[in-house]
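With the hints as constraints, model all of the structure from the sequences given.
Number of protein chains: 2
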Amino acid sequence: MDDSLLVVAKDFIHKGSFSFEKGGEIPSFNLRYETYGTLNENASNAILICHALSGDHHCAGKYAPEDKKNGWWDNVIGPHKAIDTNQYFVICSNCIGGCQGSTGPSSTNESTGQNYNLDFPALTIQDMVRAQKLLIEHLGIEVLHGVVGGSMGGMLTLQWSITFPSSVRKIIALATTARQSAQAIAFNEVGRSAIIQDPCWENGSYDSNKGPEVGLAIARMMAHITYLSDKGMDFKFGRNRRKSTGELFDVEFEVESYLRYQGQSFVNRFDANTYLYLTKALDRFDLYGEDNSLEKVFSKMEAKALVIGFTSDWLFPPNQNRSIVEAMLRAGKHATYTELQMDLGHDSFLVDAPDLYDLLKHFLSS
Amino acid sequence: MDDSLLVVAKDFIHKGSFSFEKGGEIPSFNLRYETYGTLNENASNAILICHALSGDHHCAGKYAPEDKKNGWWDNVIGPHKAIDTNQYFVICSNCIGGCQGSTGPSSTNESTGQNYNLDFPALTIQDMVRAQKLLIEHLGIEVLHGVVGGSMGGMLTLQWSITFPSSVRKIIALATTARQSAQAIAFNEVGRSAIIQDPCWENGSYDSNKGPEVGLAIARMMAHITYLSDKGMDFKFGRNRRKSTGELFDVEFEVESYLRYQGQSFVNRFDANTYLYLTKALDRFDLYGEDNSLEKVFSKMEAKALVIGFTSDWLFPPNQNRSIVEAMLRAGKHATYTELQMDLGHDSFLVDAPDLYDLLKHFLSS
Chain A
0 MDDSLLVVAK DFIHKGSFSF EKGGEIPSFN LRYETYGTLN ENASNAILIC
50 HALSGDHHCA GKYAPEDKKN GWWDNVIGPH KAIDTNQYFV ICSNCIGGCQ
100 GSTGPSSTNE STGQNYNLDF PALTIQDMVR AQKLLIEHLG IEVLHGVVGG
150 SMGGMLTLQW SITFPSSVRK IIALATTARQ SAQAIAFNEV GRSAIIQDPC
200 WENGSYDSNK GPEVGLAIAR MMAHITYLSD KGMDFKFGRN RRKSTGELFD
250 VEFEVESYLR YQGQSFVNRF DANTYLYLTK ALDRFDLYGE DNSLEKVFSK
300 MEAKALVIGF TSDWLFPPNQ NRSIVEAMLR AGKHATYTEL QMDLGHDSFL
350 VDAPDLYDLL KHFLSS
Chain B
0 MDDSLLVVAK DFIHKGSFSF EKGGEIPSFN LRYETYGTLN ENASNAILIC
50 HALSGDHHCA GKYAPEDKKN GWWDNVIGPH KAIDTNQYFV ICSNCIGGCQ
100 GSTGPSSTNE STGQNYNLDF PALTIQDMVR AQKLLIEHLG IEVLHGVVGG
150 SMGGMLTLQW SITFPSSVRK IIALATTARQ SAQAIAFNEV GRSAIIQDPC
200 WENGSYDSNK GPEVGLAIAR MMAHITYLSD KGMDFKFGRN RRKSTGELFD
250 VEFEVESYLR YQGQSFVNRF DANTYLYLTK ALDRFDLYGE DNSLEKVFSK
300 MEAKALVIGF TSDWLFPPNQ NRSIVEAMLR AGKHATYTEL QMDLGHDSFL
350 VDAPDLYDLL KHFLSS
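From first to last, the protein sequence lines are chains A and B. The first sequence: position 291 = 290 (numbering that gives the first Met the number 0), numbered continuously. The second sequence: position 18 = 17 (numbering that gives the first Met the number 0), numbered continuously.
Hints may contain errors.
Any copy, or any two copies together, can satisfy a pair, since identical chains are not distinguished.
[What the hints assert, rightly or not] In silico DSSO-like pairs for lysine-lysine, Cα to Cα no more than 27 Å straight-line: (1) K299 / K132; (2) K67 / K21; (3) K242 / K21; (4) K230 / K295; (5) K235 / K295; (6) K67 / K303; (7) K9 / K332; (8) K132 / K80; (9) K295 / K132.
Simulated from the structure, these hints should not be mistaken for laboratory data. Quick caveat, the model's predicted, so the values are computed rather than measured.
Shown next as structure tokens:
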């Protein structure tokens with residue numbers, strides 16, 4: 000029997016202009032979101048889930064019993080799961096600037112009737128958090144019990160504790176960083192170059208039905224490698240071969256076939272300009288700020304924090320996660336760091352891992 | 000005073016057909032090469048240097064005093080240097096299949112008058128070594144004192160000790176592997192996809208003056224990241240910014256500018272089809288063979304071997320280098336492994352490092 004939650008995606012329409020951190024504004028915006036569980040009477044049991052770069056608002060359950068896939072964190076969120084929807088009211092929204100139903104570069108600009116494309120204002124992690132805050136208020140929640148997210152979602156989680164310190168009781172950030180390293184920026188720049196130099200990008204003004212598909216697929220293939228690990232890939236693919244087609248540069252190894260599939264399926268569900276905007280938001284993310292002091296930025300934090308690094312994560316390696324907690328502790332905050340020994344690289348936070356479930360469950364209920 | 004060696008590139012023309020390991024043949028071939036120092040009377044002081052994927056035959060000295068750059072390993076090769084050209088006769092050739100003067104996909108196919116392009120036979124590391132052997136014989140050398148190479152050059156070095164066991168006294172392989180890992184194949188596949196999907200690739204039959212430049216630059220930008228390290232990039236670039244041009248997705252960080260430059264300069268000196276052929280040769284390289292036994296393959300080796308791994312190399316990490324020596328030792332051979340603590344990633348073998356020089360010098364003279 001399929002005991003998946005059955006869920007419905009909803010829209011929060013903010014009818015009023017929204018100003019972006021780096022300048023620019025839009026006259027209104029939409030956030031697509033889902034909720035699971037029930038908000039209690041004093042609105043004290045809400046947990047906000049923040050998705051990663053390529054994620055969305057659909058983090059648990061199915062829309063219909065026949066759906067092949069559950070939401071991206073269904074192993075963590077649901078009745079009796081680590082984030083127990085019998086106990087908590089769980090919210091997840093596609094970020095502002097996203098392309099899965101929230102307002103972003105691929106949405107229609109009401110003043111022109113065309114897609115925003117590059118007319119969309121430059122985006123930051125703080126913009127995403129400020130838009131989420133409006134949704135949370137709309138849902139009648141003043142203080143979130145928790146904010147939880149991995150990778151880019153971890154950045155949003157940290158940003159919540161700084162931008163709205165009195166609105167969050169607990170944060171859990173996984174596989175994340177307080178600022179993008181040169182290497183992480185470098186990988187994003189290669190992906191962006193692949194998109195921008197694709198002739199079908201057309202300076203960002205492509206038709207939505209025939210964008211820079213080649214560039215976007217290349218960007219995704221490369222990025223996907225950074226989400227895995229050497230050991231994990233050797234375990235999963237090794238040097239296993241595909242049956243030869245006889246074509247000189249056709250797929251020869253299983254890992255090549257897997258990557259091509261990842262690239263192609265990403266093109267079918269993601270918008271290229273959005274990929275540019277979101278990776279730029281990642282690259283600009285730098286909580287150290289102008290004073291180069293992470294301690295200083297966390298001095299405002301009121302939430303209790305748990306940060307979890309994964310040993311095989313080489314995109315946001317353990318030391319980048321640990322240094323966040325070290326700064327919180329120096330700032331005199333309640334913070335704890337732990338590291339999970341897992342081989343699957345950056346994406347370890349998404350896989351089935353009872354150790355992780357225990358950590359989430361106990362930290363949220365303690 | 001500039002005390003650079005002044006050198007001349009030469010051509011070895013093999014007038015006779017050459018058969019490739021995977022099938023196919025070419026009616027003749029050329030290897031472009033350089034030599035430094037003097038071959039002694041009994042031809043016992045020759046050292047062959049094997050270049051990496053994007054390297055060539057010009058590994059030391061200058062062609063003219065006004066040249067801005069020395070050869071790629073000039074810090075190692077020259078009078079009184081680690082590989083002392085007062086003592087040794089040093090040879091370096093652009094590999095067969097290469098595009099720096101040796102016969103490869105970008106060379107003219109005499110039977111058609113056109114470039115070989117995809118008519119060039121599939122290439123392996125063993126093909127490169129077998130072509131080098133003909134050059135070595137042409138130079139009157141029966142037994143090489145040493146074969147030395149890093150990265151792809153390390154693969155050639157290992158292959159020499161197996162294919163021509165009685166023709167090599169010593170091998171030094173640096174930052175290399177006995178077989179490409181799934182991750183290394185994956186990165187190469189992304190690079191190849193960028194080239195093949197560039198409309199200017201034209202199924203490999205592009206005009207030599209306007210090939211798939213965008214795809215090749217993307218491939219190089221990405222590969223270049225894998226040659227460095229997280230720590231090295233943070234040290235060199237950190238989050239340093241460029242002056243903004245105001246363009247939305249123009250270069251913002253120094254590291255982006257550096258990568259774009261690397262991509263562009265590579266396009267100016269390298270051929271895209273050659274990149275496809277060489278990366279395929281890397282991916283197919285698997286000394287474990289059908290019996291999955293590295294020990295067995297090294298049972299034929301007669302040379303003494305030194306293998307050097309670099310702590311920050313994540314493309315061919317230390318354990319991949321160490322396992323080569325472990326197999327040699329299990330096969331009862333003279334072999335030693337060492338690991339240098341260097342932060343610059345895979346390319347550490349190319350940088351100024353007195354510890355490395357000492358190792359090379361003493362192993363070659365011991």
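Going through the hints against the structure:
1. K299 / K132: within (17 Å within a copy, 69 Å between copies)
2. K67 / K21: neither (40 Å within a copy, 43 Å between copies)
3. K242 / K21: Result: close only across copies, 16 Å inter versus 51 Å intra.
4. K230 / K295: Between copies, since 24 Å is at most 27 Å while 37 Å is not.
5. K235 / K295: between (43 Å within a copy, 26 Å between copies)
6. K67 / K303: neither (37 Å within a copy, 57 Å between copies)
7. K9 / K332: neither (36 Å within a copy, 68 Å between copies)
8. K132 / K80: Only inside one copy: K132 and K80 sit 26 Å apart there, 64 Å across copies, limit 27 Å.
9. K295 / K132: Answer is within: at 23 Å inside a copy they meet the 27 Å cutoff, but 64 Å across does not.
The structure fails to meet hints 2, 6, 7 from the earlier list, while all remaining hints are met.
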